[in-house]
Amino acid sequence: MIIPVRCFSCGRVIASDYVRFKDKMDKIRAENKREPTPEEISTTLDQLGVTRYCCRRMIISQADLLQEILPFD
Amino acid sequence: MSSIKILEEGDNWIRFLVEGISPAYANMLRRTLINDIPKLAISKVNFHHGEIRQGDDKVYSSSTSLFDEMIASRLGLIPLPTDLNMNFRDTCSCGGKGCSLCTVTYSLFAIGPKVVKSQDLIPVGDEKFSPVDKEIPIVELNERQAIMLEAEAWLGTAKEHARYQVTSGTSYKYHRELTVNKREPNIQRIIENAKKNIVKETENEVTFTTDYPNKYLAQLYRMDSLKVTEDDSKFVFYFETDGSLTPRQVLSYALNRLKTRLEKLRDSVPGE
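If you read the sequences in order, they're chains B and U.
Numbering-wise, my numbering puts 6 at position 6 of the first sequence, and it's gapless, one number per residue.
Numbering-wise, my numbering puts 68 at position 68 of the second sequence, and it's gapless, one number per residue.
Bound conformation, chain B alone (with noise of 0.2 Å):
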């Protein structure tokens, strides 16, 4: 669906923090026509300061669906 506003776990604000992922992730695939590495994955996260692993999974187990289902009122 849409990425929920705050970490199921923990509470802490990552919807923000998902935003900015997605930005430098769409970044990463443009320069280097690749998917980002795990390293990648992992210390962009750590530059966002999501460093709990419940936090983590929220941003990386997101599943953008709410644009698939936009077109259908």
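Simulated from the structure, these hints should not be mistaken for laboratory data.
Heads up, some of the hints might be wrong.
[Said to hold, decoys possible] Within a straight-line C-alpha distance of at most 27 Å, the following computed BS3-like cross-link-like pairs (lysine-lysine) qualify:
| # | chain 1 | residue 1 | chain 2 | residue 2 |
| --- | --- | --- | --- | --- |
| 1 | U | LYS200 | B | LYS22 |
| 2 | U | LYS195 | U | LYS227 |
| 3 | U | LYS117 | B | LYS24 |
| 4 | U | LYS44 | U | LYS128 |
| 5 | U | LYS182 | U | LYS215 |
| 6 | U | LYS159 | U | LYS227 |
| 7 | B | LYS24 | U | LYS200 |
| 8 | B | LYS27 | U | LYS117 |
| 9 | U | LYS200 | U | LYS173 |
| 10 | U | LYS134 | B | LYS27 |
| 11 | U | LYS234 | U | LYS215 |
| 12 | U | LYS134 | U | LYS173 |
| 13 | U | LYS44 | U | LYS134 |
| 14 | U | LYS114 | B | LYS24 |
| 15 | U | LYS259 | U | LYS227 |
| 16 | U | LYS134 | B | LYS24 |
| 17 | B | LYS22 | U | LYS134 |
| 18 | U | LYS234 | U | LYS196 |
| 19 | B | LYS22 | U | LYS114 |
| 20 | B | LYS27 | U | LYS114 |
| 21 | U | LYS182 | U | LYS44 |
A quick note: this is a predicted structure, and the numbers were derived from the prediction, not measured.
Chain B is fixed; fit chain U onto it per the hints.
For chain U alone, coordinates are given in the frame of chain B:
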């Protein structure tokens, strides 16, 4: 006598050392930090239902891809800057009806196609109440949709609902000292990379503390000459806030709150 020393702090996190308290008191402080700090959060949302007309006969539908309940829940979880001098609604002079001393009103109006973000949430009146984090997506609208709503925010504590939760990752651990012999291999590399963590260095031995996180310290646990000492009267606390209050505000409120609650308890014990 107990004392607090702030080890490190950032805009929305803090790490501090509390000395001279019992584990029970440390847990009391942790629980107060988690669920007894007041915070402003949206608690009532009025949605506009029906057509929304804008400009030259453009008509938008007010039903969006997410249920109204879900949008209301997301609005509630957005951190709002909190003024701790505000009144709680149930003890306010207005008698719980809602006045400027206890309630902040917000409005949201957006037409598609657009990703509605927390920056679109406008406080009615004082600009200082606009959301701290501007980038939180609330809902996405297509070109036939629009959203119009009015919301009321008031103070509450996390005992009541998770939207009032200010802190996250609230934790504490014992102050721990790791002493190793200087003849251990690779010890020089650890000393160079963990200068902040060194408590004492003699000719033969070096003592580290785990008060500051450092990945190099993990290597110490594999050494044969390691001696670990823990002190159950010194605690290293860590917590983050969501931006509605600064870590120092949260800490000082929590300490005052603990004091008043303990005093109340002492006063109500009979036969003192």
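Each hint, compared with the structure:
no., hint, verdict
1, LYS200(U) - LYS22(B), "violated, 45 Å"
2, LYS195(U) - LYS227(U), "holds, 19 Å"
3, LYS117(U) - LYS24(B), "holds, 19 Å"
4, LYS44(U) - LYS128(U), "holds, 20 Å"
5, LYS182(U) - LYS215(U), "holds, 19 Å"
6, LYS159(U) - LYS227(U), "violated, 41 Å"
7, LYS24(B) - LYS200(U), "violated, 43 Å"
8, LYS27(B) - LYS117(U), "holds, 22 Å"
9, LYS200(U) - LYS173(U), "holds, 21 Å"
10, LYS134(U) - LYS27(B), "holds, 22 Å"
11, LYS234(U) - LYS215(U), "holds, 22 Å"
12, LYS134(U) - LYS173(U), "violated, 34 Å"
13, LYS44(U) - LYS134(U), "holds, 20 Å"
14, LYS114(U) - LYS24(B), "holds, 21 Å"
15, LYS259(U) - LYS227(U), "violated, 37 Å"
16, LYS134(U) - LYS24(B), "holds, 18 Å"
17, LYS22(B) - LYS134(U), "holds, 16 Å"
18, LYS234(U) - LYS196(U), "holds, 18 Å"
19, LYS22(B) - LYS114(U), "holds, 17 Å"
20, LYS27(B) - LYS114(U), "holds, 22 Å"
21, LYS182(U) - LYS44(U), "violated, 62 Å"
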